[in-house]
Structures are given as C-alpha cells and as structure tokens.
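Asks: Sequence:
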Amino acid sequence: MKSDKFDKIDKMLLSMLQKDSRQSLNLLAEKAGLSTSACHRRIKLLEDAGAILGYEATLDRHVIGYPMEFFVEVSLTRLSEGELEEFEKAVEAIPEILQCHLMSGQADYMLRIAARSTRHYEEIHRQRLARLPNVARIQSSLALRTVKPWTGYPV
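Numbering (our numbering), first residue to last: 27 to 181.
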C-alpha cells in the first residue's frame with residue numbers, strides 16, 4: 027500500500043498511533059468515527075501493508091542514563107559494495123549507535139550515538155569507531171540540546 031492509497035481515515039489512524047500507540051482500540055475507533063471492528067480491520071491492513079512496522083515506547087535518554095548524543099560523520103577509504111556491507115554489519119554490533127545513515131555529500135555515513143558521558147564517548151570512539159573497517163575519517167559533534175524532538179512522520 028503506497029501513501030497515495032491512504033484515505034483520510036488511514037492517515038488519521040497512522041497519526042494517532044504514531045503519537046500514542048497505547049490508545050485503546052475503542053478510543054481510536056471513536057476518534058476516527060468507526061466501529062471498533064472496522065478500526066481493527068483498518069489497522070490490520072496498515073500493518074499488513076507495512077505502513078506500521080511496530081509499536082515501541084519512547085524512552086527519556088536522561089532518565090535511563092544516556093544524557094549525551096553525538097552525531098558522527100564517517101568517511102570510508104573505499105566504497106565498494108563489500109566494504110559498505112562490512113562497515114554496516116560492524117556498526118549494527120555497537121549498541122550505542124542508535125542510527126546509521128548512508129549519506130550523499132562529503133561524509134559517507136552519519137551516526138547518531140548515545141553516551142553516558144564524554145569519557146564514555148571517548149571509549150566508544152577509541153575502542154569501537156576508530157576500529158571499524160575501512161574508516162578514513164571520523165568527525166564528531168555533541169548535541170547540546172534537542173530543539174525539536176522526533177514526533178513522527180507527517181501523514
């Protein structure tokens with residue numbers, strides 16, 4: 027199901043679930059103007075179509091002990107498919123790397139990394155990032171404050 031196949035009610039359900047996926051089916055149905063069974067069917071269709079990938083809790087990084095976030099640009103020495111796959115597989119094994127994006131532009135990858143402290147990030151940098159395969163350059167930036175947190179995709 028592509029985005030042009032979503033009607034107004036589908037988009038409303040996606041938006042509501044994105045904001046709070048713990049809402050009851052009854053409440054979602056009421057807000058969407060549907061019966062509970064029709065709402066359930068619609069959500070199931072959205073899941074089956076791959077529009078809804080899962081349901082998760084949003085954690086407060088400060089409360090769970092990861093108050094620092096770093097955005098790290100990584101440039102590789104070679105960009106063959108094999109080297110990209112090797113780098114990506116190695117990145118997936120580092121739990122502090124929250125996201126990894128293959129980029130266009132100057133850097134090849136952008137990493138979002140959670141750290142308990144600057145000392146912890148230094149350990150991640152020296153013991154993990156610097157040892158990743160095929161790395162030519164690493165440039166790190168510390169996020170001082172989140173101005174606009176993730177609130178979901180516009181639907």
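Careful, some of the hints might be misleading.
Capping the alpha-carbon separation at 30 Å, the derived lysine-lysine pairs in DSS-like fashion look like this [unchecked claim]:
| no. | residue 1 | residue 2 |
| --- | --- | --- |
| 1 | Lys70 | Lys37 |
| 2 | Lys31 | Lys70 |
| 3 | Lys34 | Lys115 |
| 4 | Lys37 | Lys57 |
| 5 | Lys57 | Lys34 |
| 6 | Lys31 | Lys115 |
| 7 | Lys174 | Lys45 |
| 8 | Lys45 | Lys34 |
| 9 | Lys57 | Lys45 |
| 10 | Lys45 | Lys70 |
| 11 | Lys34 | Lys174 |
| 12 | Lys57 | Lys70 |
| 13 | Lys45 | Lys31 |
| 14 | Lys57 | Lys31 |
| 15 | Lys115 | Lys57 |
Calculated from the structure, these hints are not laboratory results.
Asks: Each of the hints needs a verdict: does it hold here or not?
Replies: Now the hints, each set against the structure:
{"no.": "1", "hint": "Lys70 - Lys37", "in the structure": "holds, 14 Å"}
{"no.": "2", "hint": "Lys31 - Lys70", "in the structure": "holds, 15 Å"}
{"no.": "3", "hint": "Lys34 - Lys115", "in the structure": "violated, 39 Å"}
{"no.": "4", "hint": "Lys37 - Lys57", "in the structure": "holds, 12 Å"}
{"no.": "5", "hint": "Lys57 - Lys34", "in the structure": "holds, 12 Å"}
{"no.": "6", "hint": "Lys31 - Lys115", "in the structure": "violated, 34 Å"}
{"no.": "7", "hint": "Lys174 - Lys45", "in the structure": "holds, 15 Å"}
{"no.": "8", "hint": "Lys45 - Lys34", "in the structure": "holds, 17 Å"}
{"no.": "9", "hint": "Lys57 - Lys45", "in the structure": "holds, 14 Å"}
{"no.": "10", "hint": "Lys45 - Lys70", "in the structure": "holds, 18 Å"}
{"no.": "11", "hint": "Lys34 - Lys174", "in the structure": "holds, 26 Å"}
{"no.": "12", "hint": "Lys57 - Lys70", "in the structure": "holds, 17 Å"}
{"no.": "13", "hint": "Lys45 - Lys31", "in the structure": "holds, 21 Å"}
{"no.": "14", "hint": "Lys57 - Lys31", "in the structure": "holds, 21 Å"}
{"no.": "15", "hint": "Lys115 - Lys57", "in the structure": "violated, 43 Å"}
Of the numbered hints stated above, those contradicted by the structure are hints 3, 6, 15, listed in ascending order.
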